[in-house]
Every structure is written in C-alpha cells, then in structure tokens.
Amino acid sequence: MNYDIAIIGGGNAALCAAITAAEKGARVIILEAAPKPYRGGNSRHTRNFRCMHSGPLGPLVDSYSEAEYLDDLLKVTDGRTDIGLARLAIRTSEECLPWMQERGVRFQPSLSGTLSLARTNAFFLGGGKGLVNAYYRTAEKLGVTVCYDAPVTHLELDDDRIVFLDYTHEGETRRLSPNAVIVASGGFQADTDWLARAWGPAAKNFLIRGTPYNRGVVLADLLEQGIEQVGDPTQCHAVAIDGRAPKFDGGIVTRLDCVPFSIVVNKHAERFYDEGEDVWPKRYAIWGRLVAAQPDQVGYVIIDGKSLNLFMPSVFPPIKADTLEGLAVEMGLPPDRLRATVDQFNAACGDTAAFHPSELDGVTTTGLEPPKTNWARPIVEPPFYGYSLRTGVTFTYLGLKVDETAQCSIGNRPVGNLWAAGETMAGSILGQGYLAGFGMTIGTVFGRIAGREAADYAN
Amino acid sequence: MQTDLLQEARRQAEICNACRYCEGYCSVFPALHAHRAFTDGDMTQLANLCHNCRGCYHACQYTAPHEFDLNLPQALANVRHDSWEAFAFPTGAARAFQKNGLMIALATVIGFALLLWAARAIGSMGGEDFYAVLSHNAMVAIFVPAFLFPLASVAVSLRRYWRETQAGDLRLPDIVAAFGSAARMRNLSGGHGDGCNFEDEDRFTHARRIAHQAVMYGFLLCFASTTSGTVLHYAFDMPAPYGLLSLPKLLGIPGGVLLTFGCVWLLDLKRRADPALGATGARSGEIAFTALLGFVGFSGLALYAVGQTGMMPALLVIHLGAVLAFFLLTPFTKMAHGFYRLTALTADAARIRRSKAAS
Ligand SMILES: Cc1cc2nc3c(=O)[nH]c(=O)nc-3n(C[C@H](O)[C@H](O)[C@H](O)COP(=O)(O)OP(=O)(O)OC[C@H]3O[C@@H](n4cnc5c(N)ncnc54)[C@H](O)[C@@H]3O)c2cc1C
Ligand code: SF4
Ligand code: SF4
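Top line first, the protein sequences correspond to chains W and P.
Mapped onto my numbering, the consecutive letters of the first sequence carry residue numbers 6 to 464.
Mapped onto my numbering, the consecutive letters of the second sequence carry residue numbers 1267 to 1625.
Some hints could be false.
[Said to hold, decoys possible] The list that follows gives simulated cross-link-like pairs (lysine to aspartate or glutamate, EDC-like), each with its CA atoms no further than 16 angstroms apart:
1) W:K146 with P:D1468
2) P:K1536 with P:E1465
3) W:K252 with W:D196
4) W:K41 with P:E1467
5) W:K311 with W:E386
6) W:K146 with W:E107
7) W:K325 with W:D309
8) W:K325 with W:E386
9) W:K146 with P:D1466
10) W:K287 with W:D83
11) W:K252 with P:E1333
12) W:K41 with P:D1468
13) W:K311 with W:D327
[Stated by the list, open to error] Part of the chain P face toward chain W, derived, beta carbon under 10 angstroms:
14) E1280
15) I1281
16) Y1287
17) C1288
18) F1295
19) R1302
20) A1303
21) C1326
22) Q1327
23) Y1328
24) E1333
25) G1456
26) E1467
27) D1468
28) F1470
Think of the hints as simulated: they come from the structure by calculation, not from any bench.
Remember, it's a predicted structure, so these values are computed and weren't measured experimentally.
Every residue gets a Cβ at the ideal spot worked out from N, C-alpha and C, and that includes glycine.
Given only the sequences and the hints, what does the whole structure look like? Please build it.
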C-alpha cells in the first residue's frame, strides 16, 4: 500500500493531524513507537486543554479572551514567546473544542481540587487516555492505518524533500516513501543520556513523568541533517514530584501539593528556598529546578500533623514518625541538623492567626534566611510526616522550528513535504515557562494545521 | 469479608484519589474523592456503587503492564461479590451459588422435580386448566414461603450492609433519589451519554444499558402480571386462565418478551466482554443466573402460547419450577445486586445531602 502521508508518533498531535488529513481524503499511516497499551505518548497523561472562548463553551464558564490568554502566556514565558504563532494557537483553540467533541472527545466539569481552572481549561472525561482512545477510534473509522511497535529511525532528506523514511517493525527495518511526512514524536526527555549531555550528570537522577518512548530519535536525525532548530537542550518543563515515583510514566499521581505547608530541606537538612512564595500551582514548576540544583538532586518535605489534610492526597503515603529525630532517621537525614533547622524555623515564625491555606496569607517568618513568606506555621505537632522530592521532567523544549503552516525549514527554505506538530515544535512558540493546558492546545491546533497542509500537498 | 480483596481495592482507590481523571464517569468517583483514607465499609460502599461499565479501565493510564496495575472495575467487582457473600442470610448460602453456575442449574432442576412431585402427589384436585395440574392451594402453599423467605433474607442482608458501611440515618428523600437514578439507569450512561465500554474494548455503546432496562422492566411487568392475577383471583373471584385482553396478559406478554429478549442480549454481551475486568470466577454464576431469569420469562410466554394443549401440564411444571428456583436463589445470586445497588445509591444520596448541609 502506498501512503500519501506518514505521521510519526501516536499522541494528540499525530492523531489530530491524521484525522484532519484523512477527512480530506488522504491515505494516512500512523507509525507509533509504543506498543498498543502504551500508545498515546505524553498525551495519555494529560487532563485538560486551555481554550479561548467568548462565552460559555462546553464545560467552560464565562469567557476567556485572546488578550487575557496571551497575557497569561507572556507572564510565564517572560516574553520569550513567538507572538504570531501564540496568537494563532490561542485564536484557533476556540474552534478546536467543538471539533474535538465531534470526533469523540468528551469533557467533564473541572475536577475537584482544580476549581481555579474551571474558566480557562476544559477537562477531558477520563483524562488524556480517554481522548486518545476516542481519536484512534475516529481515525480507524476514517481508514487511517495504525502501526504500533514501529519506531521511526531515519528520514532521508534529499535537497528540500524527504524521500523516504525507515522504521523498525517486528524485528526488521522497513522503508516507506510517502508524499508527505508529519513529525509528531514529542520531545527527547526519555533519553537521559541526551539530558545528561545538556544538564550534566545530575540529569541521570531525574524522573521522567511521561512516556519512555519520547527519545528524540527523529528530532536528532533531522537536526543532524540541518533542519532548522528552535530552543536549546537545557530548556524543559520540570516539576518537583514524589521521589519514590517510577523512573517513567508516573504521571499526575506523583505530584505533591504539600510544599506551601512545609519546610523543604536538602540532604544536609538545610532549607534552600522560600516554600511559601506563591500558591502552589504557580510555583510547582520552579521546584523541579530548585531540587535539581541540590546535592544528589533530592529534597525532603517536612510537615506536621496539623497540615496533613490541607492538600490533595498523593499516590504514596508519607513517611511518618512521632518525633522529628525519628523522621530524620527514616528519611536518611542527619537528625541533629534537622532538629536545628526546624527549631530555627519555628523560632522565626510569628503570629499565625491569619493562616489561610488557599490564599496568600502573609503569615511569614522574620529574620530567617531564606524566609518563608506565607503559611509559615511552626512545625511542632506530632506525628511528623515527610516526603522525598525529585525532579520530574514533563517535556523538553528543543525542537523543530516551524512557521504558521507548521512546515519545517532548512536554511531559509521550507522543506517541501515536511511538517511538525505538538511537543516536537512547541519550542517555536514557548521559549521557556509553561502554562497549564497549553501543550494540548499547541498539539491540537498545529496537528490540524499540519494535517490540512500535508493533505493539500499530497492530493 | 476478605481482607486481601479489600486491601487491593483500597490500594487502587488511593491511586484514583490522587488522579481524579475519571471523576465524571459515575457516582463512584465523587464518593471516593470525599475520603482521604478508606475503611472497609467505605470500600464496600464504593464497590456497590460501581456497575462495572469499565469506562475507568479503558481510560486509565496506569493499567498493566504499568507497575501501578490499575483495574478498578475488577477490584471493585471482587469486593462487591465478596460483600454479597458476607452479608447473605443464611451466611454461606451465597457462597454456594453466587459464583457457581452448576449449583444454580442444579437448584433449578430440583425446582422442577419438586414441582413435578407436587403435581403428582397433590395434583388435580378437581380444578380446571392450570389448577388441574396443581391445585391453587398447593401453589399458594409452595410459593408464598418461596416468596417471603427471600424478602426476609434480603432484608437481613441490607441491614448488615447498612451497618457495615455506617451509612447513617435512613431518610425518604434519599430513597426516592436512589430509585430515581436506578429507574433511569443514570449511571449507565457513562457520564457523557455515550454508554458503557462493556463488550468491545474502549468503544462506548448503549447495548448493556438497553438490555438491562429490558430485563428490569420486563421483570417488573411479569411481576405485576402475577400480582394482578392474584388480585383478580382473590378480590374478584376470577381465577386463571385469563383472556388475551385481561390485565395479567396485557402486562405479562410484553413483560415476558422484554425479559427473554433482554436476558439473551445480556448473555451475548457477557460472552463478548473481557472476564478479566469482572469479578474473578463469577462468570459461570452470572451466566447461569441470567439464563435462569431468561428461562423464567421464556417458559412463561410459552405457557401462554400452548394454552390449552396437551403440552400445558409439562410446561407449567417446568415454568413453575424455574420460578421457584429463581425466587429461592434471589438473595444468593446476581439478583441480589438490585437490592444492594438501591441501598448503595440511597447511602450515596445521604452522603451528598450531608455534605451539602455541611458546606
Ligand atoms: C504527567 C503529564 C501531565 C500533563 N498534563 C497536561 C495537561 O493537562 N494539559 C496539557 O496541555 N498538557 C499536559 N502535559 C503536556 C502534554 O502531555 C504534551 O504537551 C502533549 O501531550 C504533547 O502531545 P504530542 O502529541 O506532541 O506528544 P506525545 O503525546 O508525547 O506523543 C508523541 C508520540 O510519538 C511517539 N514517538 C516518539 N518517538 C518516536 C519514533 N521515533 N517513531 C515513532 N513514534 C515515536 C511516542 O510513542 C508518542 O506516541 C502533560 C504532560 C505530562 C507528562
Ligand atoms: S482509574 Fe486510572 S485514570 Fe481513572 S481515576 Fe483511577 S487512576 Fe485515574
Ligand atoms: S467500572 Fe464504571 S461504574 Fe465502575 S468505577 Fe469504573 S467507571 Fe465507575
């Protein structure tokens, strides 16, 4: 069988591209590196997508304007944003929601514990795997061929065209020569050697929150052949997660929301940053980097009995002890030093009457370095609880540079039959920082654009 | 109850509680997320709120081969079945039948035999038609206890359930709410109106919901038909047989058709469904029970059809034998789930009422 379009990857961006192209009559094949139970890459771990809307839309309340959306984005990227592409993604997001519904995606009201996102983010019923399942059903109904266990190893570039691609399947290397190729194979975060080349050996201690299949093989292959790149390999979205999480695919349940009610120490039982700087959703992303900078890339969160029920439960139960020293022993921390750090912290706490767990309450320490500027309550009530923290990488930003038609380029010319969508080109829009739900927006918007453009080209 | 089953379900519930992605599928998740730690009673209640639609399995990013090995439909089904066994009265009876298709078949045959014997021994005491086979008084003598015993047994079980789950006070509005969601099978819509994932991996269909509605309403119609017959007999002195346009037949014929057709459909769905997502080892018991229920409907219809012919006596004995087995097995087979489910929905309505009042 000859295919018009080969799509590399099997996550949200790949599926949006496949469905769009197949609806335009193209013969499409999806080459997914993962076996069927693990299909869908990082997309299977997602829960929502951020969507502009001028009035109530699907599960979304009120409105969320282009200007406000862009403003939210610029705040987190420190201005390192391609405004043109960002506006395109934001503006198109509104028509995506009904498009998704028509193709089987179902939404639910904002999950308990995430009310702050009810206006801006539409939550998938059953999460991202539910979305991915619906898209595979839709794609297969449209006649898209899906090949699992089929990692692509090489794209052959001849001047400004991809002439063939190689992939392995059932133990042998196979070759396809489609008219057009769409790359939707995510970032390279699962290749910890590559991370280590960029970050130094510390990266070997990072945990990867999502799929082990996003190893950047196609990305590296294309960059080596001179395809235009964007971003640098040290930029990634990383958060602090439970240190006991699995190396890969731990997903959402490994997140810890207790930092604002805690003190966080390193393996020498020393504090290193203001735990109460801001509400947790606004801070959890910086803690990935903070922990990465500590010895052995590990941190320890300490809370006491009164704080245990103030945050969402997480997947592993906390380590528990009746005394601080006992907790230190269980966690492998020096007990006398932990005692000293906690005593010093407790002494710096003041009046806690204004304590309010869900708002910046200004309950701060005085004369402590680093300070804790909100929710600073002495850690005194047994039992004491602890969690270890490690850096969990969500995705990397280094990627393929694309234009507003999602097309890749070499030098200053477009590559005639090569498009890219999703995480693998997200760096074209986001230079740094991340806005919750924007990854799925980029994948949906640019997946659809790539599918449309490739189908027009192939027909 | 079995602690290993409870513990496995608890392990999975704790993962779900940190995830919450399935919140919109059914009433299990909002109830689950209301807890931080799960007692045995909490797990029992959650298990009885689950109707095994499998939506949360196919949507789960943590199913095997992932090391978290989530399979919530099965974990809850195991606790659910175990709870029915543990609360059954007399204890032990459910263990014999619940998961054992052979025992159900055996009980049915014994039902036939008993009726045959009764027909022979006390048989035609000069009655007409049906009562020529088995006198009305004999039928009453057999079926009144066969009907009252299961009711009493189920009542004891539900009381045990209510205690174990610490469901609190029992209030009428909660019961009304429970009947409301059961009547519409609200939860079987899948939370999005597309239905269940039952018979074809992650495809959503309404098949199971419709088939189950057919069985439930078919059963209720048949039940109403029998009741109306009894009322006609005693209050109006109008004994069977009844004409085509009489109340018993107007209720009984559509009821029998729905019941038979629904059971056949459910059996087909069950045949196609993946047993690894249901309670371990429960398949034969469920299939035998559904077959028995369908047979009750079918033999009842056949009885209408053969009417006054020579086949009637034999068929009557078979039909009544099946009905007898069905009644007596009600507390110890899948049939019990309806009672538990209503109780669980009532307890959940109470939980929602209390949490609303608290906030
Ligand atoms: C735990 C977690 C939660 C998240 N939550 C959200 C959220 O709620 N909202 C949001 O917007 N974003 C979220 N994100 C980010 C989001 O997952 C990504 O932005 C988005 O899924 C990217 O989609 P994609 O299709 O580009 O990549 P992916 O979904 O990762 O798909 C890449 C695909 O390429 C395949 N592949 C890789 N290499 C090859 C190869 N050589 N050959 C063939 N196939 C290959 C992979 O197997 C995979 O199927 C989350 C990420 C994680 C890890
Ligand atoms: S079943 Fe899986 S996806 Fe659903 S809530 Fe539980 S852990 Fe999350
Ligand atoms: S199987 Fe269906 S009813 Fe049971 S918990 Fe999962 S989604 Fe709810």
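Can the restraint linking P:K1536 and P:E1465 be considered satisfied, given a maximum Cα separation of 16 angstroms?
Given that 16 angstroms is the threshold and the Cα spacing comes to 7 angstroms, the pair holds.
Does the structure keep W:K311 and W:D327 at a Cα separation of 16 angstroms or less?
Judged against 16 angstroms, a Cα distance of about 13 angstroms means the pair holds.
Hint consistency between W:K325 and W:E386 [alpha-carbon to alpha-carbon, up to 16 angstroms]:
holds (12 angstroms)
Using the nearest Cβ pair, does P:F1470 come within less than 10 angstroms of chain W?
holds (9 angstroms)
Are W:K252 and W:D196 close enough, with their CA atoms no more than 16 angstroms apart?
With a Cα-Cα distance of about 12 angstroms, the restraint between W:K252 and W:D196 holds, given a limit of 16 angstroms.
Measuring from the C-beta of P:Y1328 to each C-beta in chain W, is the shortest one below 10 angstroms?
holds (7 angstroms)
Chain W contact restraint on P:E1280 - CB to CB distance below 10 angstroms:
holds (7 angstroms)
Between the alpha carbons of W:K41 and P:D1468, is the straight-line distance 16 angstroms or under?
Holds, at about 13 angstroms.
Given P:Q1327 as an interface hint, is the shortest Cβ-Cβ distance to chain W below 10 angstroms?
holds (5 angstroms)
Would the pair W:K325 and W:D309 pass a check requiring their Cα atoms to be no farther apart than 16 angstroms?
Measuring from Cα to Cα gives roughly 9 angstroms; hence the hint holds.
So, as I understand it, the hint says P:E1333 touches chain W; can you test that by seeing if any CB pair is closer than 10 angstroms?
holds (6 angstroms)
Taking the closest Cβ pair, is P:A1303 under 10 angstroms from chain W?
Nearest chain W Cβ about 9 angstroms off; hint holds.
Of the numbered hints stated above, none is contradicted by the structure.
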